[in-house]
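Participant: Once you know that position 59 of the sequence shown is 59 in the UniProt record's numbering, the rest is easy, because the numbers rise by one and skip nothing.
Derived by calculation from the structure, the hints in this document are not laboratory data.
What follows is a list of derived Cβ distance ranges for each label pair:
(1) 67 / 118: 37 to 47 Å
(2) 49 / 118: 19 to 29 Å
(3) 23 / 63: 14 to 24 Å
(4) 35 / 118: 16 to 26 Å
(5) 122 / 11: 19 to 29 Å
(6) 99 / 123: 29 to 39 Å
(7) 123 / 22: 14 to 24 Å
(8) 33 / 6: 39 to 49 Å
(9) 122 / 27: 15 to 25 Å
Cβ coordinates follow ideal geometry from the N, Cα and C atoms, glycine included.
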Amino acid sequence: MTEQAWGYELTILFANAFRMAVEELHDELAKIGFDDVRPSHGFIFQRISHGGATGNELADHLGITKQAASLTIDYLERQGYVSRQPHPSDRRGKLVVLTERGWACIRETERIFSAIESRWEQSLGQDKVQALRLNMRELVGTFPNGKPGAFRPVW
Numbered sequence: 001m002t003e004q005a006w007g008y009e010l011t012i013l014f015a016n017a018f019r020m021a022v023e024e025l026h027d028e029l030a031k032i033g034f035d036d037v038r039p040s041h042g043f044i045f046q047r048i049s050h051g052g053a054t055g056n057e058l059a060d061h062l063g064i065t066k067q068a069a070s071l072t073i074d075y076l077e078r079q080g081y082v083s084r085q086p087h088p089s090d091r092r093g094k095l096v097v098l099t100e101r102g103w104a105c106i107r108e109t110e111r112i113f114s115a116i117e118s119r120w121e122q123s124l125g126q127d128k129v130q131a132l133r134l135n136m137r138e139l140v141g142t143f144p145n146g147k148p149g150a151f152r153p154v155w
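Let the hints inform the model, and build the full structure from the sequences given.
Facilitator: Written as C-alpha cells, this is what we have:
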C-alpha cells in the first residue's frame, strides 16, 4: 500500500527544504561570528548588494513600514553590516550600503549555500539537481503576472 500524498505536499516539501537550508545557513554563520544576522536580514543584503537602496525602497521591497525598515537598518548599522551614505542624487536622502562586514557575510552565505547544494548533488546526483534547478526556474516563471514577486520574506 502506498502512502496517500496531500494535494499540497509539493508546496510543503519546498517550504521544508527552504527552512532547513536557512536554518543550516544561520547555524553555520553563527559559528564563524555572524550570530547576530537573522533570516530577514539576508533579504535586505540581497537588495542593497546592487548599488544600495534608501530606507523607503527597503520598506517597499520587504513589505514593511518605513519605521520597521528604519529600526532594522539601525540594528544592522550598529552591528557593522551596513552604513548610510549620502544619496548621489537626493541631498536629503541616505543610501544604505553594505560594509566590508556585510560583504563578508554575503560571501560566507554563498559558500555555505554552495556546500548545501553540493551535498544535494552527492545525495541525489548532479543530473537530478540540475534538472531540479531547471524545473524550478521554469516553475518560478509561471507566476500569474509572468514574473515572481520581490524576493522577500512572506511573514
